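Student: These are the residues of each chain, in order.
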Amino acid sequence: MKSTMGIILTGGKNDRLRELSEMRSTTAVPIGGKYRVIDFVLSNMVNSGITNIGVLTQYSFRSLMDHLGSGKEWDLDRRNEGLFVFPPYLAGEHSGWYQGSADAMYHNITFLKRSYEEYVVVAQGNCVYKMLFDEMLDYHISNNADITIAYRDMRDFPEEEISYMGIMKMDDSGRVVDFKEKHKNPQSTICSMGIYILKRELLIALLEECISHGKYDFVKDVIINKLNSLNIYGYRFDGYWRNLNTINAYYRINMEMLNPEIRHQLFEEHGKVYTKVKDEPPAKYNEEAEVKNSIIADGCIIEGTVINSVLFRGVTIKRNVVVKDCIIMQDSIIEEGVDIESLIIDKNVYLSRGIKLKGMANFPITIGKNAVI
Amino acid sequence: MHNKEIIALLLAGGQGSRLGVLTKNIAKPAVLYGGKYRIIDFSLSNCVNSDIDTVGVLTQYQPLELNAHIGIGKPWDMDRINGGVTILSPYLKAEIGEWYKGTANAVFQNIHYVDKYSPKYVVILSGDHIYKMNYSQMLDFHKANNADATISVINVPWEEANRYGIMNTQDNGKIYEFEEKPQNPKSNLASMGVYIFTWEVLKEYLIRDDQNLESAHDFGKNIIPLMLGEGRNMWAYKFSGYWRDVGTIQAYWESNMDLISRVPDFNLFDPAWKIYTPNPVKPAHYIGPTGSVKKSIVAEGCMIYGSVKNSVLFPGVYVGEGTEIVDSIIMTDSVIGSNSLIDKCIIGEGARIGNNVKMGIGENIPNELKPNLYDSGITVVGEKATVPDGCQIGKNVMIDSYITDQEFPSLNVESGKSALKGGESE
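Top to bottom, those sequences are chains A and B. Heads up: the first sequence is residues 504 to 876, going by the numbering used here. Heads up: the second sequence is residues 917 to 1342, going by the numbering used here.
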């Protein structure tokens, strides 16, 4: 891939994820049995040959920093470049919490200025998909575009979630002619995936201009503002893509990973998905285990029934337990005789004997981290 | 260079020829074990967990896999500025180049490596055994006795004592005699192949042993008896716990199966004594709607659409619909087709087993080519072997590594027969 660097935006607080993002950034929410959401975009960049990556953090970034560490698991602990994590900082006059995505990048403009790559991929950290950015860059170059935005037909999303997205309209040549953000009554399902490719020098200039006018949002104040004056193109992506912005989306994404076709797209195509490793032994199934259509991570001990569920590392399912349509995160213990359905159980939860709890697929019950019930 | 109180030397050069096709292309310490590990991980993790941060790994036989596995020691936290893990292979000296002629000679040839750290003690380990042991407690025992050598021992059944190196000790544990595979054992304390020496003393014996042309340059045969004979202060350190020399197909299979019992004698889930190994980059495993797993351990990346019982599955194994896996060990990235039966088999890394294959059926007849290796009813498939659709394969069959569909002798390989790569005989 041509010399390209990466910037991952991790966004602000998202109350629509309720308990899951109370203490962690959306991008650090555990997903798929062993991953954090940010692993996907980070692996995509690494798999595309990008080795200079800045992660701009804002809200509750401790869990995210703990997860990323030195970037070793993504092979980003490099002597030159590698992974840089930028929490907000206080210094001089431009400091404090970021006021928007453009502001976040502007605060770290030195990172952009010091880098030497010709292009930048700017991407959201809260999306689940596998994509190599090479092809998008080729498209960008062949169009002689100033900015290229990846888009996708989101007709497989509920209407409510589309209203949080940016609706795009392209002309026949692929040039973006309209972009409407967070539209109450979306007229189309063609939406931005929040992935942008542009030249590093251009990004620096756009950010400086934007901030000097007292504007802070990359989409509203840069992209939409420049639709007419810049050559902005849309790049179509047809694969699996989800963004994590509601608790229902979270539940759905995990359940969709049980689908072999989606698993194939996410874990076998376009390179591997890297994540922080834990030294857990393989999962252990005892005589009574009945497991169907489920994802089970290392370190689990299973003596009960598990159906259509995702079990993270080190979960214990005792005897006479029935777990159906549930997501159970790391190190939770489900005691004998528990019967649960459509639950999202955060890390380290203890469900004591005989508890029966049922949520609904379109309204799963969430049990917060470290709860004892 | 900082001095270290103790460093470890891990003898990992053995072929482990009794493991047959499993060690055809790799050394015994590199053989996969327990759903995710290699045998050497246990000794290496014991070192880490005993706060020993300097380990020399002596390799000789087929070291490629082992070298790749250990790398710079990252998984064991042994990528250190001072110390860490070092692979010590035989090398050419000024005038002569030589292989390691025996365990003692291997250490002799690396005296300079040990001297670099000027340790007071060295612990000599073999990378062949499955156990969890705190070497620092053994070192305390060694120091308390002001010993020249301390040998870790374990009680073995009396009837098996004639298969081991036996230590005869006084009541307090002081060794007065060592007998290699005695006909009439006086004790059932078998050496585990774990020795702590005071380095100054050992060094002297290694140099003397090297000059003795009669010597086999072996710790058990030469160094230990010589030291005892000269009245050195030597002690037996009693270990109680799980310890297995997984040196035969049957012992290897049994030890893997020990891991699947409800409360295993050997617990991999102990957070206070973790076993480390490079982690595969694979998603959590998936059990399909038609899959079923009972009394088994299953690693990451597996996809299971058939039924798995009493078995150990390594990362990335695929089990097709309608297939039954019983009492078997399936190694990394193997693919088992649909509607097949795998009964009491060991399937090597990356093997491809077709559809409608029946394996491990029929009478228990020892292998004709190697009756002493394959006689316990276990059929063994070498790494990257391909078994064609519809094959019927008996017990104690050896299927060579890298064998292809075309090279397969027949769709019916009876008990005790072998399927060899290129049809060659051994």
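It should be emphasised that the hints constitute simulated quantities derived from the structure, not laboratory data. Predicted model only: the values in this text are computed from it and were never measured. Don't take each hint at face value.
Stated by the list, open to error - Stretches of chain B that chain A covers, calculated by requiring three or more beta carbons in the stretch to come under 8 angstroms of a beta carbon on chain A:
id: 1; region: 947-953
id: 2; region: 1049-1062
id: 3; region: 1210-1218
Don't be surprised by glycine CBs; every beta carbon is placed ideally from N, CA and C.
Student: Does each hint hold? Answer for all of them.
Tutor: Status of each hint after checking the structure:
no.: 1; hint: 947-953; in the structure: holds (count 3)
no.: 2; hint: 1049-1062; in the structure: violated (count 0)
no.: 3; hint: 1210-1218; in the structure: holds (count 7)
Checked against the numbered hints given earlier, this structure breaks only hint 2.
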